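A.B. asks: For the record, the sequence lines run as chains S and V.
Under our numbering, think of the first position of the first sequence as 1, with each following residue one higher.
Under our numbering, think of the first position of the second sequence as 1, with each following residue one higher.
Read the hints as simulated data drawn from the structure, not as lab findings.
For clarity, every value in this text was computed on a predicted model and none was experimentally measured.
Note that the Cβ used here is the ideal one computed from N, Cα and C, for glycine as well.
Wrong hints could be hidden among the right ones.
[As the list claims (entries may be wrong)] If you want a taste of the chain V side facing chain S, the calculated C-beta under 7 Å gives, among others:
(1) Asp25
(2) Pro28
(3) Thr44
(4) Gly50
(5) Leu65
(6) Arg74
(7) Gly75
(8) Val78
(9) Leu80
(10) Asp84
(11) Ala87
[To be verified] If we take Cβ atoms under 10 Å as the criterion, some of the chain S residues that face chain V in the derived model are:
(12) Glu193
(13) Val199
(14) Arg201
(15) Ala203
(16) Pro227
(17) Asp322
(18) Gly332
Now for the letters of each chain:
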Amino acid sequence: MSASAALSDPIETLHIALVGSPNSGKTTLFNALTGSRAKVGNYPGVTVERREGEVRDVAVPIRLLDLPGTYSLDPETPDEEVVREVLAGERANEPVPDALVVVIDGTTLARGLGLVAQVLQARRPTAIVVTMIDEVRARGGRLDLGKLSRILGVPVMGVVGHRGVGVADVRGLLERARRWATPAEPPPVDDHEARFAWVDRVAADVGGFSPARDKRTDRIDRVLLHPLGGIPIFAGVMVLLFQSIFSWAVPAMDWIDGAFGALGGLSRSVLPAGLMTDLWVDGVLAGVGSVLVFLPQIVIVFTLIHLLEDVGYMARAAFVVDRVMGWVGLQGRCFVALLSSYACAIPGIMAARAVASPRDRLATILIAPFMTCSARLPVYTLLIAAFVPAERVLGPLGLQGLVMLGLYLMGALTALGSAALLKSTLLRGKVATFYLELPPYRIPTARLLFTQVWRSSRSFIKRAGTLIVVASIILWALLSFPRIPVDASLSQGAQAQAQLQASAAARIGHALEPVIEPLGFDWKIGVGLLASLAAREVMVATLAQIYAVGDADNFEGLRHALANDRDPQTGERSFTLASALALLVFFVFALQCMSTVVVMARETGSWRWPALAFGYMLALAYGGSFVTYRLATAFL
Amino acid sequence: MSPETTAAQAAHRPPKGPACRSLSDLDPGVRARLCHHSEHPVPTRLRDLGFVPDTALMVLRQAPLGDPLEVEIRGYRVCLRRADIAALCVVPVAQ
Chain S
1 MSASAALSDP IETLHIALVG SPNSGKTTLF NALTGSRAKV GNYPGVTVER
51 REGEVRDVAV PIRLLDLPGT YSLDPETPDE EVVREVLAGE RANEPVPDAL
101 VVVIDGTTLA RGLGLVAQVL QARRPTAIVV TMIDEVRARG GRLDLGKLSR
151 ILGVPVMGVV GHRGVGVADV RGLLERARRW ATPAEPPPVD DHEARFAWVD
201 RVAADVGGFS PARDKRTDRI DRVLLHPLGG IPIFAGVMVL LFQSIFSWAV
251 PAMDWIDGAF GALGGLSRSV LPAGLMTDLW VDGVLAGVGS VLVFLPQIVI
301 VFTLIHLLED VGYMARAAFV VDRVMGWVGL QGRCFVALLS SYACAIPGIM
351 AARAVASPRD RLATILIAPF MTCSARLPVY TLLIAAFVPA ERVLGPLGLQ
401 GLVMLGLYLM GALTALGSAA LLKSTLLRGK VATFYLELPP YRIPTARLLF
451 TQVWRSSRSF IKRAGTLIVV ASIILWALLS FPRIPVDASL SQGAQAQAQL
501 QASAAARIGH ALEPVIEPLG FDWKIGVGLL ASLAAREVMV ATLAQIYAVG
551 DADNFEGLRH ALANDRDPQT GERSFTLASA LALLVFFVFA LQCMSTVVVM
601 ARETGSWRWP ALAFGYMLAL AYGGSFVTYR LATAFL
Chain V
1 MSPETTAAQA AHRPPKGPAC RSLSDLDPGV RARLCHHSEH PVPTRLRDLG
51 FVPDTALMVL RQAPLGDPLE VEIRGYRVCL RRADIAALCV VPVAQ
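Whenever a hint applies, use it, and build me the whole structure from the sequences.
C.D. replies: In C-alpha cells:
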C-alpha cells in the first residue's frame with residue numbers, strides 16, 4: 001500500500017474531548033479507552049499538561065483529548081482556563097472537539113451535574129459517563145441512568161473505570177458520536193442559585209442524592225483523623241517512611257554497590273590494560289554505579305508514597321498538615337510534593353501538578369530542591385563518617401546521627417522559609433480558595449501500584465544511563481588528560497598523583513581556588529563541586545578518582561584518604577572539621593542537579609524560574625558555607 | 001450594631017439573633033442551612049461547588065490542628081479552610 005492511499009483514507013478522524021472534575025475518574029477512563037498510550041505534552045504558553053490518545057478497538061479512528069480536571073467553566077486556574085478555551089474553540093492549534101464526554105462521579109452526582117449544566121450550555125454533541133457506579137451500589141444508592149438521559153436529552157452511560165466494566169459500551173458510544181443528540185433545552189447556568197436548583201431537582205429525580213455514607217471510610221477516619229490521635233499517627237507514618245529510606249534499602253544498595261564493584265574488577269581482569277579500559281571502569285561503570293545504587297531507596301520511597309496515595313491516606317496527610325503549610329503561605333497538597341522530594345526532587349516537582357493554585361504550585365516547585373534528596377546522602381554519609389567523631393551524646397543518640405538529622409532539618413526549614421519569602425514577594429497575590437477531597441479508602445490493585453512505581457523509577461534509571469554516563473566520561477577525561485610521560489622511578493601512587501596534578505581538572509580546580517578558599521575548600525573540592533553541578537552524587541565519585549583510591553566503591557579507603565590528606569607544601573591537613581561542615585552546608589543549599597533544572601524549566605514553561613532557583617540556592621550555599629567555616633574555625 | 005450603620009451595610013450582615021452565624025463557627029455534627037446573607041462576597045469557587053443559599057450542609061470534622069474543616073454538602077464532602085468559608089452565613093436547623 002502506498003503512502004498516498006493511507007492519506008486519502010475516507011474515514012475522517014473523530015476528535016472527542018473528556019471533561020470532568022479532578023477525581024471524577026476521568027483519567028482512569030481515558031487510560032482504559034486508550035490503553036494508557038497517551039501522547040503527553042504541554043499546552044503552549046501555559047504549564048498545563050495536554051494528554052491525547054487513540055481510542056483502541058473502535059471501528060472509526062478516534063482521538064481522545066483528556067482535558068485538565070475542572071470544577072467549573074468559570075476558570076480560576078490555568079488548567080480551567082485551558083478547558084474553557086478548548087471548548088470555546090479559542091485555543092490556537094487545537095481543533096474544536098467534534099463531541100464532548102462529561103465524566104462525573106456517581107457518588108458525588110450533584111456536584112458533577114453543576115459542570116454538566118455548563119457544558120450542555122455549549123450546545124455541542126455531548127454524552128455523559130457516570131463513573132464509580134459499583135461504589136454507588138455498594139452504598140445502597142440506586143441511580144436511574146436512563147432517566148438521567150431522558151432529562152438531559154443526551155446519552156448517559158455508567159462505568160467502573162478501573163475494572164473496565166462498561167468500557168466496551170463507551171467505545172461503541174464514541175463510534176456513534178456524530179449522531180449524538182444536542183440537548184433541546186440546556187439547563188440554566190448564568191445564576192448559581194438557578195443552576196443548583198436545577199441540579200437538585202435532577203439529582204432527586206434520578207436518585208442521585210445521598211447514597212449512604214461509606215461506613216468503612218467513616219470508621220477509619222474516626223481513628224486516623226482523631227482530634228488527639230491524628231497527629232501522632234501522622235508522625236508515625238512519616239517516621240516509617242524515613243525508616244524505610246535508611247534501613248530497608250541498605251541490603252539492596254549494598255548488593256548493587258558490590259555488583260558494580262565486581263563488574264569493574266571483572267572488566268579489569270578480562271580487558272587489556274589501557275585508556276579504553278580506564279574509561280570503561282573509572283568513567284562509565286563507577287559513574288553509573290554511584291547513581292544506580294540509589295535505586296532501591298527510590299523504589300521503596302515511591303512504593304510507599306504511591307501506596308499511601310492509592311489507599312487514600314495522602315489526602316488525609318494533606319488535611320492534617322494544611323494548617324502548618326498555611327503558616328508559610330502554602331497548602332496541604334504542597335506537602336505531598338515536598339515529601340516525594342525526599343527521594344528525589346524530580347518526582348516532587350512533577351507531583352506539584354496536583355496543587356491547584358498556580359502560585360502555590362510554582363512556590364512548591366522552587367523550594368522542592370531544598371528537601372534532602374537521596375543524592376545528597378552519599379556525600380553526607382562520607383563526610384560525616386570521615387570528620388564527625390562517633391561519640392554518644394544523649395543516651396542512644398550519636399553525634400554523627402545528630403549531624404545528619406540537623407542537615408535534614410536545615411533543608412526542610414530553609415524550604416519553608418523560602419516559601420514564606422516567595423509568597424510574600426514574587427508570588428504575592430490573592431490566596432486561592434483551598435479545597436481538598438478525602439477520597440474513600442480503597443485497597444489498591446498491585447498492578448496499578450506496580451505501574452506507578454515503574455513509571456516514577458524509569459526516569460531515574462534513564463538519567464543514570466544518559467546524563468550520568470556523559471558527565472562521568474567528561475570528568476574522567478578532564479582528570480586523565482593531558483597525559484604526562486611515565487616516570488619509572490616513581491611509585492604507582494606518586495605517578496598517579498603527578499598525572500592528577502598535571503590534568504585539566506587540576507588546572508580548573510586551581511583557577512577556582514581564590515573563590516572557594518574563603519569557604520575552606522582546596523582545589524580538589526573545587527573540582528568535585530564543579531563536577532557535582534551535573535549531579536550531587538558525582539561528588540563522591542570525583543573524590544574517589546582524585547584521591548586515587550583504586551576502587552571508587554571502597555568507602556573505607558576514601559574516608560581515610562580524606563581525613564588524612566595533607567598539603568604537600570605545608571604539611572597541614574587539607575581537610576578539617578570546619579571545612580567538612582562548610583562543605584556539608586554547601587550541599588544542603590546548592591542546586592547541583594542538571595536534571596532538576598531541566599524538569600523545573602519544563603514544568604514552569606520557562607528558564608527564568610530555574611535560573612532564579614539556581615542563583616538563589618548558590619548564594620545561600622556560598623553564604624552559608626562561609627559563615628559555617630568561620631564559626632567552626634573560631635569555636636571548634 | 002451602631003446607629004450609623006447604613007441600610008446597605010445591614011443588608012450584608014446576618015440578621016440579628018443568635019441563630020445565624022458564620023459557617024467557620026459551626027460546630028461539627030450540627031445540620032445547618034446557608035442564609036441569603038453573607039458577610040462578604042462569596043468566592044465564585046464556593047458557589048461553583050454548590051454553596052448557594054438554602055442549601056443544607058454539615059461540618060463533619062475539623063483537622064487535628066483545628067483547620068481546615070470537612071464539610072458535607074449536596075451528598076459529597078469537601079475540605080475548606082475557615083478563612084475561605086468565614087463569609088458564608090448559616091442557620092442551624094432542627095434535626
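A.B. asks: Mind checking the CB of proline 227/S against every CB in chain V and telling me if the closest is under 10 Å?
C.D. replies: Holds - the Cβ of proline 227/S comes within 10 Å of chain V, reaching about 6 Å at its closest.
A.B. asks: For the restraint on glycine 50/V, tell me whether the closest CB of chain S is nearer than 7 Å.
C.D. replies: OK, holds: glycine 50/V within 7 Å of chain S, min 5 Å.
A.B. asks: Taking the least C-beta to C-beta distance, is aspartate 84/V closer than 7 Å to chain S?
C.D. replies: holds, 5 Å
A.B. asks: Would the hint on leucine 65/V be counted as holding, given a Cβ-Cβ threshold of 7 Å to chain S?
C.D. replies: holds, 4 Å
A.B. asks: Just to be careful: measuring from the Cβ of threonine 44/V to every Cβ in chain S, is the smallest value less than 7 Å?
C.D. replies: holds, 6 Å
A.B. asks: Under the criterion of a CB-CB separation shorter than 10 Å, is glutamate 193/S in contact with chain V as hinted?
C.D. replies: holds, 5 Å
A.B. asks: Min Cβ distance, arginine 201/S to chain V: is it shorter than 10 Å?
C.D. replies: violated, 12 Å
A.B. asks: Taking 10 Å as the limit, does the beta-carbon of aspartate 322/S come near enough to a beta-carbon in chain V?
C.D. replies: holds, 5 Å
A.B. asks: Taking the closest Cβ pair, is valine 199/S under 10 Å from chain V?
C.D. replies: holds, 7 Å
A.B. asks: Classify the hint on leucine 80/V as holds or violated, based on whether any CB of chain S lies nearer than 7 Å to its CB.
C.D. replies: Check passed: Cβ of leucine 80/V comes within 6 Å of chain S, closer than 7 Å.
A.B. asks: Let's test the interface hint: is any C-beta of chain S closer than 7 Å to that of valine 78/V?
C.D. replies: holds, 5 Å
A.B. asks: Does alanine 203/S pass the interface check with chain V, least Cβ-Cβ distance below 10 Å?
C.D. replies: Cβ of alanine 203/S sits 8 Å from chain V, so the hint holds.
Checked against the numbered hints listed earlier, the structure breaks hints 1, 2, 11 and 14; every other hint is satisfied.
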